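All letters in the sequence shown, in the order written, are residues 1 to 845 by the UniProt record's numbering.
Hints should not be assumed to be uniformly reliable.
As the list claims (entries may be wrong) - Here are the in silico distance ranges between beta carbons for each label pair:
#1 261 / 355: 44 to 50 Å
#2 243 / 526: 31 to 37 Å
#3 76 / 216: 57 to 63 Å
#4 270 / 216: 48 to 54 Å
#5 209 / 655: 47 to 53 Å
#6 235 / 543: 35 to 41 Å
#7 390 / 780: 26 to 32 Å
#8 159 / 387: 16 to 22 Å
#9 423 / 270: 53 to 59 Å
#10 715 / 507: 38 to 44 Å
#11 97 / 205: 51 to 57 Å
#12 95 / 410: 57 to 63 Å
#13 415 / 207: 46 to 52 Å
None of these hints come from the bench; they were simulated from the model. As the structure is a prediction and not an experimental result, all values here were calculated from the model. Note that beta-carbon positions come from the ideal geometry of N, C-alpha and C, so glycine has one too.
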Amino acid sequence: MDDAPGSPLFELEDDCELDSESFQLETEFSFDAAPVADLCHSSDEDVKPTVKCDEDETTKRKRSAVDPEIAAYFDRRIQEFAQLHSDSKSRHLPTSEPLPDLPVYHELFPRAQDQAISIVRNLQETVASGETDTESSYMLDCLEQIATPNNPESRTICLYGNCGVSKSSLVNAILGLEDDDSNDVSSVDLGKPAFKTFLALFSDKLEFQDEVAATKFLARARSRDDEKILAKLLSWTKVIYTELTKLGSVIYIYTHTATDLNRRLDPFSQHCEDPIIQGTSLRCFIFPFVKVIRKSLFNPILAKGIVLVDLPDLYEEVGAGIENIRKRSRTGFQEDNYAELGNKRELYQYLKKHIMIKRTEILVAARNEKIRANMKRWYSSATNDPQPLSVFCVSSKCYMAHIKGFLLLEPPLLSVAVTEIPLVRSYLFTVACNGGKGNALKHYYVQIRSLLRQMELSCNGYKPMMKRDHLVRIVQNAQKGVSKSLNNVRQELHKRSITPIIVKFSTEDSWIEKASMLCEKWSKYTFAGHAAFMKHNGNWKTVACGKANWNASLLEVVRDDIQPLLDQLHLDVSYAFKTETMEAMSELVDEMEQELIDNLDSSKRIEFRVFFDILHDRKRTMSNIIEKATKNMQDQILRLNNDALNDGPQSPLTIRMAKIYKDSLKAPTDKIRRTKHAARSAHFRDTVCMRKTSPYLSIKRYLEKEFNKIMSDLDTSTNLHTSMKDGCQTIFKGIMHDFNKVCPDHEDKGVQALKRRDKLGKKVQEGRDYLEGPLMETILECGIEMVSVQYHWRNLGDRIGACVLTLNWWVGADMEDRITFDGKAMNFISAAELVYEIGKHVTSQ
């Protein structure tokens with residue numbers, strides 16, 4: 001029945017793809033069978049049934065057959081009941097729900113962000129307080145770029161479903177907002193009261209014989225001031241008012257019984273089966289016109305002040321029973337016993353309520369688990385997605401009951417946990433965390449550390465070197481190699497994934513054949529039906545032709561061939577292209593680094609220690625740029641995939657087909673095609689199936705255009721983080737700037753330069769101490785794993801196989817240690833020196 005209350009259990013919709021039988025519970029579960037209590041006779045015949053009112057005696061009852069968990073559950077409920085009042089209320093606060101155990105929700109995470117930002121802010125103040133020159137302007141620009149962490153964009157989550165399936169209620173429940181429609185005028189049906197009034201007043205009219213007819217009649221109104229509709233309503237109302245005025249302002253109705261009086265008053269107060277108003281010809285309900293109804297009962301006997309009470313014959317019929325009760329109790333009635341029995345009855349009702357709630361929760365949980373398992377299995381088989389599907393069976397209504405508050409004696413049907421809204425909230429918090437806010441803080445830490453090292457180079461004041469011109473060419477050659485390396489990777493992607501898509505459109509003979517068969521099928525439509533479909537761009541429905549979508553049918557012809565290629569392109573960008581690009585840039589930096597090491601004197605390698613440290617931070621920043629650029633590229637390919645193979649209003653096939661439909665309707669007749677229907681069908685078929693005019697050609701051109709745009713965005717973009725080429729070249733410009741500091745043209749010995757270096761050097765050291773001290777401790781307390789910066793000797797990987805030597809890169813220049821290598825004791829004072837010695841040894845082998 002439609003009026004039946006909604007079940008708290010999951011109900012499948014009619015159009016769901018899943019098998020409804022798979023969601024049924026096992027045979028041992030039943031939703032219809034009520035709890036049954038069996039009364040058994042005691043084995044001891046002398047034992048008489050008695051009522052125990054003493055709580056101590058009750059607790060002595062044996063519970064050997066009762067599960068300890070169940071017994072403890074009822075004990076808790078009994079203790080709760082003893083402390084309850086009739087008006088005791090409870091309310092669930094969403095803020096009391098614990099957040100996921102993730103770093104970004106740790107209480108110290110905001111402090112870590114503030115500490116990191118404060119380091120940059122202090123450096124900005126120090127640099128800005130001095131004299132402005134080229135170097136200070138460069139530093140201020142770098143500091144401005146990392147003034148705040150580059151947190152990820154907000155995550156968008158869509159709730160998809162039909163109208164009226166409680167999507168808004170779910171959103172309110174997730175947000176912990178009470179669903180108060182009274183504040184939202186747009187959600188209130190302001191015409192509902194008037195609609196009920198019309199149904200009552202004009203129930204004798206055919207236009208208002210039921211809700212469907214009334215809705216259809218009122219829908220004719222072109223506006224709220226439609227004169228025709230208002231004139232009819234006013235004329236009918238005047239007839240009713242005229243008839244009522246004949247009865248006067250007050251109508252008196254006299255009957256002999258209260259039942260007759262209520263029946264006669266029904267048309268004045270509510271709907272009834274036979275609305276008859278005395279003295280008139282009205283056959284409707286006039287309660288919208290009625291202001292007050294007063295009922296009274298007059299009886300001459302009662303009017304004399306006599307009160308008649310119908311009581312049982314206590315002394316004759318039940319007197320013996322009362323006497324027997326007195327004898328057995330050996331005393332008179334005691335009010336305390338009655339009060340105790342009343343409390344026991346309330347406790348019984350309270351426990352019974354919780355038993356029913358617990359039973360419902362068990363059934364709901366069992367049903368939910370089966371739904372979850374079946375939906376996960378169905379999703380895995382349908383999509384082959386290795387990631388498991390997250391399924392939540394929620395009850396927004398019960399959760400909102402907890403939010404609004406409830407009487408403890410009347411708890412909601414499901415507990416907060418069983419509604420699973422807290423699980424959904426936790427899941428959304430986790431999704432937000434997966435957006436990368438924690439990784440953004442880690443990257444921000446690396447950016448600050450790298451900038452501190454760059455500023456350290458500016459503060460040290462290096463001297464010119466003899467081989468500077470040769471070393472500069474090494475860095476410049478690496479900088480020039482960015483475009484070449486990226487072009488090679490891009491051409492490989494184009495050759496491997498994009499070219500097959502374009503070539504596929506050149507061999508479309510099978511598509512043309514299938515499209516021709518569809519055109520032949522549609523040409524058999526009736527003249528009127530065929531014309532109607534063309535006027536509505538192929539998406540229409542008629543009685544004779546049925547319902548069809550011509551554009552969607554033409555797309556299905558190519559979908560099986562093109563969709564896998566577009567999916568493969570997305571996979572290649574997600575994995576192969578991204579990996580190859582990172583490897584190409586890393587190889588470029590590694591080759592430059594190795595060549596610099598080979599051309600540096602042993603005494604100069606120590607001076608380049610900080611420069612090589614910065615190189616590894618630069619590589620990590622470059623990897624982040626490539627990651628973001630490829631992520632943007634993936635999104636563009638997904639949009640391209642969707643736009644190219646759908647029949648939406650802006651899709652290339654729809655735009656092309658709109659012109660074909662328009663031209664086909666205007667196709668002229670000739671000697672062969674003498675009817676309009678034949679001319680239209682022939683023109684439509686010839687245009688669709690001709691290579692030069694085929695709608696599939698528009699898809700090909702659209703893909704070519706969008707592919708070129710995507711590749712162009714990799715080179716230049718308004719956003720530096722989405723432009724792979726510009727971003728990588730910016731990194732190499734920074735490398736060149738660092739090189740010019742560690743290997744300058746001339747030494748700057750000016751007084752102002754010395755003061756600036758001294759002042760800035762102290763601030764840089766303070767920032768480094770704070771970065772590696774309090775900030776690092778706070779980040780670690782948040783649970784964010786920070787890997788120490790390490791130097792990987794990778795350039796000799798081809799010679800030493802899979803062996804990769806990992807060394808701690810921050811060995812200080814003033815540290816002296818010894819290491820035994822190949823049976824020989826070696827002295828080293830820096831990681832660069834050690835790496836160089838190991839490299840020579842491996843090369844000699």
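Hint by hint, here is what the structure shows:
Taking 44 to 50 Å as the suggested C-beta distance range, the pair residue 261 and residue 355 conforms, at roughly 46 Å. Take residue 243 and residue 526: their Cβ atoms lie about 55 Å apart, and the range 31 to 37 Å is violated. The beta-carbon spacing between residue 76 and residue 216, approximately 58 Å, falls within the hinted interval of 57 to 63 Å. In this structure the supplied range 48 to 54 Å is violated for residue 270 paired with residue 216, their Cβ-Cβ distance being about 25 Å.
Here the CB-CB span from residue 209 to residue 655 is close to 49 Å, well matched to the stated 47 to 53 Å. Range check, residue 235 to residue 543: about 38 Å between beta-carbon atoms, so the 35 to 41 Å window is met. Evaluation of the 26 to 32 Å hint for residue 390 and residue 780 yields a pass: the beta carbon distance comes to about 30 Å. Separated by about 20 Å at the C-beta atoms, residue 159 and residue 387 satisfy the suggested range of 16 to 22 Å.
One distance hint, 53 to 59 Å for the beta-carbon pair residue 423 and residue 270, is violated here, with the actual separation near 46 Å. The hinted window of 38 to 44 Å between residue 715 and residue 507 is violated, with their beta carbons roughly 31 Å apart. In this structure the supplied range 51 to 57 Å holds for residue 97 paired with residue 205, their Cβ-Cβ distance being about 56 Å. Between residue 95 and residue 410 the Cβ separation comes to about 24 Å, which falls outside the hinted range of 57 to 63 Å.
Range check, residue 415 to residue 207: about 50 Å between beta-carbon atoms, so the 46 to 52 Å window is met.
In this structure, the hints that do not hold are numbers 2, 4, 9, 10 and 12, in rising order.
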